[in-house]
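With chain R fixed as given, assemble chain G onto it according to the hints.
Chains as they are written, first to last, in the working numbering: chain R, 4 to 388; chain G, 4 to 388.
Calculated from the structure, these hints are not laboratory results. The structure displayed is predicted, hence computed values, not measured ones. Treat the hints with care, as some may be off.
Covered stretches of chain G, as calculated for chain R (at least 3 residues, CB under 8 Å) [claimed, not checked]:
id: 1; segment: 17-27
id: 2; segment: 225-238
id: 3; segment: 281-292
Virtual Cβ for every residue (Gly too), placed ideally from N, Cα, C.
Protein chains: 2
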Amino acid sequence: MIYADYNGSAPLDSQVKNYLLKRLEDGPFANPNAIHNLGTKTLMGMEKARSICAKILGAKKHQIFFNSGSTEGIATVFHSILSEAKKNHKTSFIISGFEHAAIPNTASYYQKEGFEIKTLPTTKSGIVDLEVLKKWLEEGRDQLAMVSIMAANNESGIIQPYKEIGRLCNSYGIPFFCDTTQYIGKAHFNFEESEMDYAILSGHKIGALTGAGILLAKEPSLLKPLIIGGGQETGLRGGTQNYIGNETLAVALTSVEEKLAHSKEIELARNAFEKDIKDSFPEVVIIGESSPRLGTTTYLSYPGIHGQAIQIELESDNIFVTTSSACSDNSPVTSHVLKAMGISDEVGRGVVRISLGMDSPLGYYKEIGEKLKKAYRKLSKVKSF
Amino acid sequence: MIYADYNGSAPLDSQVKNYLLKRLEDGPFANPNAIHNLGTKTLMGMEKARSICAKILGAKKHQIFFNSGSTEGIATVFHSILSEAKKNHKTSFIISGFEHAAIPNTASYYQKEGFEIKTLPTTKSGIVDLEVLKKWLEEGRDQLAMVSIMAANNESGIIQPYKEIGRLCNSYGIPFFCDTTQYIGKAHFNFEESEMDYAILSGHKIGALTGAGILLAKEPSLLKPLIIGGGQETGLRGGTQNYIGNETLAVALTSVEEKLAHSKEIELARNAFEKDIKDSFPEVVIIGESSPRLGTTTYLSYPGIHGQAIQIELESDNIFVTTSSACSDNSPVTSHVLKAMGISDEVGRGVVRISLGMDSPLGYYKEIGEKLKKAYRKLSKVKSF
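Chain R on its own, in the form it takes in the complex:
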């Protein structure tokens, strides 16, 4: 079996698995807020995990907030910034057109609350138009509450110039929230040097336990709790801490750091695979081919062959891919990410996303390539659009 849907969710990292097998046997299990020694031990284990996460992410320990994952992180950042902005009559915010569905959906909620969503245009290469961003920041500095642009796209893997975006936002004093869910774990990341005010990650995307995540905040004092509760996470995220999940974040990030040392190799294998496909089928379009991209993502289309037909062919060969993102691939239309890039429906309906892990065997690309070519040969005879 070849699992090629890491951008959807990564399987449990083997170091995390081994950690958990021992952890579940040995304990301790206690409320980290309890005064007895078992509580203290549990708390100390979790705080050690926080230190490890901070170090690997290039952040200070007090900038790390454990939560249930990126979607909660998004909700918390929007709530923190926009509830305060409302009081200061800052009534609009900027997003890109290719954000993960969680961002426009959350944005729509605040639109109903009276905010204006300003959606940045995207260039053909899948990057936000920085000139327009600059113009909007200049013109709207008094009304703008924040800028929310992702680091790496979940479908295409295209990487935004987030440092440049961050510097621009900073120069106008506008908070920059960057959805780093797909980026962290697949490329080197350092929060301190990122020019971001807020960043997020989800455990299940990096091989940690599902249901655990991190919100990074440059200035924690600007955060407001979405889940109030009993004062945990310095009052900014209530609820008895998910200490087991949080510990696995530290183990997974440690493992990620080791894997990233080999990131070039898998990227080269990915590039060879893409070249092979294009050599065999010149009509194939690779989304974001010439843009900075995550080294483990291929998002490609054979116009005229439905992406889902390819996905099913590959699945019959025990290769698991998706068409777009897990959150939108049940929809038969061109994804909003591709639409933002101005990509036609002919290409859009044909896309398949192949995303491996940093530690997937390099040989997987050869096997996927063979099976994909077989599928293209078969289905190109019965093109459906």
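Showing chain G alone in chain R's frame:
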């Protein structure tokens, strides 16, 4: 070692541990929203877990919403009800004075948003004053947005007449939210028969994984998502589902059901332990002694001996208890729960909470009793207040 802080957090249930050891080895790991077969398998596993949870909790499957735990449940219910109430000019809500800190803290947030908190008086026996509730419902029916009263108290274990409260609320058309976090898992519970509109549970209180929980809603259409995201949980709780955590909720609830068959035995052992202590030290006060209480909780005080001193003595004998709840036991004053009951500081400063699991060996009570008497004998010679 005797772990006697189940009300703070339950250790991982042994059936959950065995389930996880196998689960982590075998998988599947995938995004439950992905279109491929691994995604479907993961989703089906989670939906099977939902069905099991629904059956055990006496609810319909569509009334079960997986989340990160009770504190998120509280935040979601307050957000759902109060954001709608505001539009309808319903500007107050009723809580009790002995709710878990998460409730008054969340209530305070809404107070700043313009809501009035009406805190019900508590009778000496630790039960809300139903006559006052009836009066307030009658007088305030047009302004009241909801009633939020817990089922069982986390410190004392005292059980509220929640069905009666629910019937009263229903008769006035006021939503009844019941914090069932301490109740579920320690007493028989049936949502359908509970007269509650909303109920909650946290995985870590019932031996499931930390960071997983359930919100039960009689009428899901009245819920609003706090975490919006990509449409998961029928649009009411965004974010890639914590499928591993959610599966452990089903395993833990199955285990709870088996343990509850023996609930009478542990309650009898608890009663014998309390009688023994009172026979030896008639000055000892057992909080809620004559009220309906969870069968595994003892909340007792020897006036004049600091609770924390007893906690430390017991810990030196490898018995882990707390003074009040994990969320407030770092505070050296009488807890708000005891204050609501009108209990003096002399008693309040002496309290120790001993809470076992439904499947703790009955002999634990004998050992705790001996060690507690030893501690009382020692410390009563040097009473400090």
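Consistency of the hints with the structure:
{"no.": "1", "hint": "17-27", "verdict": "holds (count 4)"}
{"no.": "2", "hint": "225-238", "verdict": "holds (count 6)"}
{"no.": "3", "hint": "281-292", "verdict": "violated (count 0)"}
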